[in-house]
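A.B. asks: Sequence:
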Amino acid sequence: MNTATTDIGTTLHLTESDFDTTLASTDKPVLVDFWAEWCPPCRALGPTIDRVAREQSGQTVVAKVDIDESQALVARFQVNSIPTLIVFKNGQVVDRMVGLQPHGEIVKRLAKAASK
Numbered sequence: 029m030n031t032a033t034t035d036i037g038t039t040l041h042l043t044e045s046d047f048d049t050t051l052a053s054t055d056k057p058v059l060v061d062f063w064a065e066w067c068p069p070c071r072a073l074g075p076t077i078d079r080v081a082r083e084q085s086g087q088t089v090v091a092k093v094d095i096d097e098s099q100a101l102v103a104r105f106q107v108n109s110i111p112t113l114i115v116f117k118n119g120q121v122v123d124r125m126v127g128l129q130p131h132g133e134i135v136k137r138l139a140k141a142a143s144k
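Numbering-wise (this note's numbering), the sequence shown opens with residue 29 and increments by one.
It is worth saying that the hints were derived from the structure and are not from the lab.
No residue lacks a Cβ here, since even glycine has one placed at the ideal position from N, Cα and C.
Careful: at least some of the hints might be erroneous.
[What the hints assert, rightly or not] The calculated EDC-like cross-link candidates involving lysine to aspartate or glutamate, where the alpha carbons are at most 20 Å apart (straight line), are:
no.: 1; residue 1: Lys144; residue 2: Asp55
no.: 2; residue 1: Lys136; residue 2: Asp123
no.: 3; residue 1: Lys117; residue 2: Glu83
[Unchecked claim] Restraint-style ranges between C-beta atoms, simulated for each label pair:
no.: 4; residue 1: Ala100; residue 2: Lys136; range: 28 to 36 Å
no.: 5; residue 1: Ala100; residue 2: Ser143; range: 24 to 32 Å
no.: 6; residue 1: Lys144; residue 2: Asp96; range: 14 to 22 Å
Generate the whole structure from the sequences, applying the supplied hints.
C.D. replies: See below:
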């Protein structure tokens with residue numbers, strides 16, 4: 029993993045080299061934000077993603093993937109618009125949200141994924 033553990037509520041920054049390992053290392057839901065620095069809605073969503081990471085610490089792994097640096101992941105998960113939020117459970121996609129999402133909706137979808 030490219031940054032500190034999510035036990036302290038940190039948003040991870042994943043790349044093609046550590047993506048699969050990170051997903052395989054947890055049985056918790058993993059929220060991945062596919063984003064880009066040049067995308068205004070992505071930048072607007074950033075504080076919400078960081079808030080979710082803090083609030084869901086120990087319950088959910090929260091990560092970001094810069095689409096400009098990880099084109100293979102973009103293709104693999106068919107990310108056509110950003111921001112795209114994908115929720116994984118046991119390495120499998122269980123939910124997908126496209127566009128700017130409110131905090132409450134993200135938390136609700138994570139709770140649903142955790143119960144699966």
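A.B. asks: With reference to the structure, classify each hint as holding or not holding.
C.D. replies: Status of the hints after comparison with the structure:
1. Lys144 x Asp55: Within the cut-off at roughly 11 Å; holds.
2. Lys136 x Asp123: 11 Å, holds
3. Lys117 x Glu83: 19 Å, holds
4. Ala100 x Lys136: 28 to 36 Å: 30 Å, holds
5. Ala100 x Ser143: 24 to 32 Å: Between Ala100 and Ser143, where Cβ atoms are some 31 Å apart, the hint holds.
6. Lys144 x Asp96: 14 to 22 Å: 32 Å, violated
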